[in-house]
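As given, the protein sequences belong to chains D and A, one line each in that order. Under this note's numbering, the first residue of the first sequence carries the number 777, and numbering increases by one thereafter. Under this note's numbering, the first residue of the second sequence carries the number 37, and numbering increases by one thereafter.
Errors might be hidden in some of the hints.
[Unchecked claim] Some chain D residues well away from chain A (every beta-carbon gap over 10 angstroms; in silico): (1) Leu816; (2) His863; (3) Leu974; (4) Ser995; (5) Pro1136.
[Said to hold, decoys possible] Residues from chain D that keep clear of chain A, each with C-beta distances beyond 10 angstroms, as calculated: (6) Gln859; (7) Glu1145; (8) Asn1246; (9) Gly1295; (10) Lys1328.
[Stated by the list, open to error] Pair by pair, the computed Cβ-Cβ distance ranges are: (11) Gly357/A / Ala902/D: 49 to 59 angstroms; (12) Pro932/D / Asp174/A: 29 to 39 angstroms; (13) Glu267/A / Val1191/D: 42 to 52 angstroms.
For the record, the hints were derived by calculation from the structure and aren't laboratory data. Model, not experiment: these values are computed from the prediction. Where is the CB? At the ideal position from N, CA and C, for every residue including glycine.
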Amino acid sequence: MAASDSDDSLYPIAVLIDELRNEDVQLRLNSIKKLSTIALALGVERTRSELIPFLTDTIYDEDEVLLALAEQLGNFTPLVGGQEHVHCLLPPLESLATVEETVVRDKAVESLRKIAADHSTADLEAHFVPLVKRLASGDWFTSRTSACGLFSVPYPRVSSQVKAELRTHFRNLCGDDTPMVRRAAAGKMGEFAKVLELEYLKSDLIPLWTNLASDEQDSVRLLAVEACVSIASILPREDLESLVMPTLKNAAEDKSWRVRYMVADKFTELQVAVGPEITKSDLAPAFQGLLKDCEAEVRAAAANKVKEFCENLPADVRETTIMTNILPCVKWSFFLQELVTDANQHVKSALASVIMGLSPILGKDNTVEHLLPLFLIMLKDECPEVRLNIISNLDCVNRVIGITQLSQSLLPAIVELAEDTKWRVRLAIIEYMPLLAGQLGQDFFDEKLNNLCMAWLVDHVYAIREAATNNLKKLVEKFGSEWATSKIVPKVVAMAQDPNYLHRMTTLFCVNVLAEVCGVEVTVSVFLPVVLKLASDAVPNVRFNVAKTLQKIGGLFDAETVNSQLKPCLDKLKTDQDFDVKYYASEAILVLTEAA
Amino acid sequence: MSAATGPVTDKIDPFSKKQSVKKPKQKRSQASSRYKAKGGTELVPLPQLKDATPADQHELFIKKLQQCSVLFDFADDCVSELKSMEVKRFSLIEVLDHIGKSGVLTEQNYPEIVKMIAANIFRPLPPAENAEFDPDEDEPTFEASWPHLQIVYEIVLRFLESPDFQPSIAKKYVDQRFVMKLLELFDSEDPRERDLLKTMLHRIYGKFLGLRAFIRKQINHIFLKFIYETEHFNGIGELLEILGSIINGFALPLKAEHKQFLIKVLIPLHKAKSLAQYHAQLAYCVVQFLEKDATLTEPVVLGLLKFWPKTCSQKEVMYLGEIEEILDVIEPSQFVRIQENLFKQMSKCVSSPHFQVAERALYFWNNEYVMSLIEENSGVIMPIMFPNLYRISKDHWNQTIVALVYNVLKTFMEMNSKLFDELTASYKADRQKEKKKEKEREELWKKLDKLEISSTANSKTVKAVPPMSPNSAPPGDGSANYSPYSPTAHRLMAK
């Protein structure tokens, strides 16, 4: 007993277990989250013989605690002694897989799947599979629901006889009386299909899938659509037409919009799974149907897939010019026009987020002819999200049609949007400026856009002023400091006289980012005097920003300038009345002293 | 800030005009989500039923029913169909007048009537326009085809309530599939429709004995899907209302199926975040059960305690209301079984920083029956309640609560002054004991954490035995000597 005595003094099991059953849920939860530490303290043998049985017996707790427990047990294999003992974790997880709360069950199933991999083949058949069978024939729907997720993991590793049993159980679950179980089965069908032998896939699973796809509950049917992606990608092409397509076509025209939505949402995955031939013959018409669906939700989901759907067509596009000319341009642009003016803003905004992606697929001429008009319509859309989605993707179009074309047709619209009432739209435009500037060239920029960039500096939304400041930096990097001195600096400096303190602060923010790109000379001669003058501003916020600015740009100057100009100023600020000003001043002094 | 910006108006800032972000309140209506045959049939007015000879009446009635089965798109404002829609409306009204008359419900008419009903009411419901629909704030979306649909529902009710109605004939047509589709409609956003559906289902439950078990099972499924999968279903309250009267009619002793329904479905229904929408009906169902079978009190109360809201004070107030309803009907023998767990929660509630929660809990002391129960068991309840009451009597921010707490403490003092004095005397010592325990726990975990750090530092595998005293035996030995059934261990495990 000597050993256990010394054990008890350090980590008495009773104390640990007391922690696990503390009255306070939060403490219990904390203990469970550190279950691995407790197991470590106990050692593998006692974890197996005492801790695990204790956990199995006392599974009645708040769901949050159970969730943590289920998660912990998934990582317990080393703590119970590795592979040969891992099956001792099955009983507590089995109980957890039958509780009411979905998140707990799901976590238990996840952990079971994890530790299944740690089982030897013999243990899998002796312990794991019987557990699956017990769950699959449980009384209450929760255990049967959990069972659905446990087929695909052990299946590939067990003997053919056990495999047959597992298939039978799965079949029963697919025909379960409770819709919750059928939903679970439909949800896991895809992964089970992947591990099934092809012959059984065709003889067993496909009929089950067809049944679920015509279930009375739309919530079951829509999950069957998801399974379709996996099933279709496994089946040989020649079987698709007869085994999958009729069901899929029905789903695309299902009377419930939820099912149609699912088809639209999974469309490109389905497209890849069935391959180009069937896409051409069957899916393309179905896709058009979804784009014209009577429910906006479905149209929006389909619109979201337009670009990807077209991108996935290339094999054909390359093969047959017919596809290039007829399908994407004529037909599609016709439908797109309808969508562009859709009554529902979600549909339009979904389309706006992908439509720009079509231009690389269609090429320059088609873009100019068919897409540009659509872009222009959408840029003027009343819904800001639509406008925003278009602007944020301008660069794809830019790459295809070139900046000249883009600026001619889109610039007026862009200028208009620069004053958009929604600041997020303005922000998107600002972020696009450096790119435009680079490609339009200095003269063009000065003429058309410079004023805009300066106007943003006095925008009354901070995010815009901030973005405008950073924008200036990028512009100076492009056009050089000489340009900056003549076009930007005067305006920035002038703002230091503005009656509005926010604008005076903007001057400081500009100096922060411009000092380095403009160079020491400009900074010393132009910026520094302005900054120093602001140190006696009436508003404390301005004064402590002076301190921050000096700290930031201090590194640019030689020691003499620092000592003669910066230090005195900061020393003065350090004696300011305002607490914050003092703080930032002393911080700046510290940094500058260290640097020197 | 906008003031400082001067002339630039606030029209740009989305946050400055919050009021206008919310759409002006208006009645919204939405069409059902179904494919319709556009520009289809044009309806021609038929002669009126009352003008037809009795011989022709039957055939004309069937024709009217067929006219009534044609569907129109109400959301589409296409004027071309207006005339046909009017024709259908007249036919519906005539059918409504006619169906209650004696001699109309002949056997051949049943399938036609049910077909017409099904064609009109069964439809996929449209997507919810407002995903975060809040019944307190937002107007519900109304069904666009209501002018027709309302009459159809009235026909249904008159059909089911007709003295000539024979369930034995109707059951061929009003079958399980019919009921299932009917139940799906309870998700309708239109409260007018749900109300009529409720009456309709009630009648069907009353008249079709063969469908009762099926209806209950399907309602079960709807609830479970709501609790564990979607948390969205508009008609929970209506379904619970029907169940309330179904439970009322359960024979005693209760079947296992019904008890299971209470524990595994009704109690978890308390978890959903939209509880407020159906709590009254739910609490009614629960109390009905307890009035039938008092032995269910313990699992019900423990269930509620298990799901007790952690952060939502509004829900907590509802739970407290339900607990009081339960206490109103509780048998003293049952009260004894739950008092300890219940009053641990009550003690947390009375000291809640949310004054509505604290207030609701403290109101229990105004309930005479509850007071009598507390008095009988003051020896158990006072020690549980005392520490928190004593603490908040000093430091709750809300004066009303402090006053209420004083009253409660006063009743305790009057109830059992000896115990009260003891509790007051030991209050300080107990707090110190608690603090010490807390410290010990921290120490323990600190030790354990060190262990984890050192073991992960030493090796990745966790096989290593915890560092024990130098003369400790190898792990195998240690556990062989340790008997899990040793008296101490056993006692502690069983505690």
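Going through the hints against the structure:
1. A Cβ of chain A approaches the Cβ of Leu816/D within 10 angstroms, the least distance being about 6 angstroms, so the stated non-interface status is violated.
2. Under the 10 angstroms C-beta cut-off, the non-interface status given to His863/D relative to chain A holds; the minimum distance is some 18 angstroms.
3. At roughly 33 angstroms, the least C-beta separation between Leu974/D and chain A is larger than 10 angstroms, which holds for a residue marked as non-interface.
4. Listed as outside the interface, Ser995/D is inconsistent with that label: its C-beta sits roughly 7 angstroms from the nearest C-beta of chain A, within the 10 angstroms cut-off.
5. Listed as outside the interface, Pro1136/D is consistent with that label: its C-beta sits roughly 33 angstroms from the nearest C-beta of chain A, beyond the 10 angstroms cut-off.
6. Every Cβ of chain A is farther than 10 angstroms from the Cβ of Gln859/D; the closest lies at roughly 12 angstroms, confirming the non-interface assignment.
7. Listed as outside the interface, Glu1145/D is consistent with that label: its C-beta sits roughly 32 angstroms from the nearest C-beta of chain A, beyond the 10 angstroms cut-off.
8. Distance to chain A confirms Asn1246/D as a non-interface residue, since its nearest Cβ pair spans about 20 angstroms, more than 10 angstroms.
9. With a cut of 10 angstroms on Cβ distances, Gly1295/D stays outside the contact zone with chain A, its closest approach being about 32 angstroms.
10. The claim that Lys1328/D lies off the interface holds: its Cβ sits roughly 24 angstroms from the closest Cβ of chain A, which is beyond the 10 angstroms cut-off.
11. Distance hint check: the CB atoms of Gly357/A and Ala902/D are about 53 angstroms apart, consistent with the given range 49 to 59 angstroms.
12. Judged by the Cβ atoms, the range 29 to 39 angstroms given for Pro932/D and Asp174/A is violated: they are separated by roughly 51 angstroms.
13. Range check, Glu267/A to Val1191/D: about 47 angstroms between beta-carbon atoms, so the 42 to 52 angstroms window is met.
Hints 1, 4, 12 from the earlier list are contradicted by this structure; the remaining hints agree with it.
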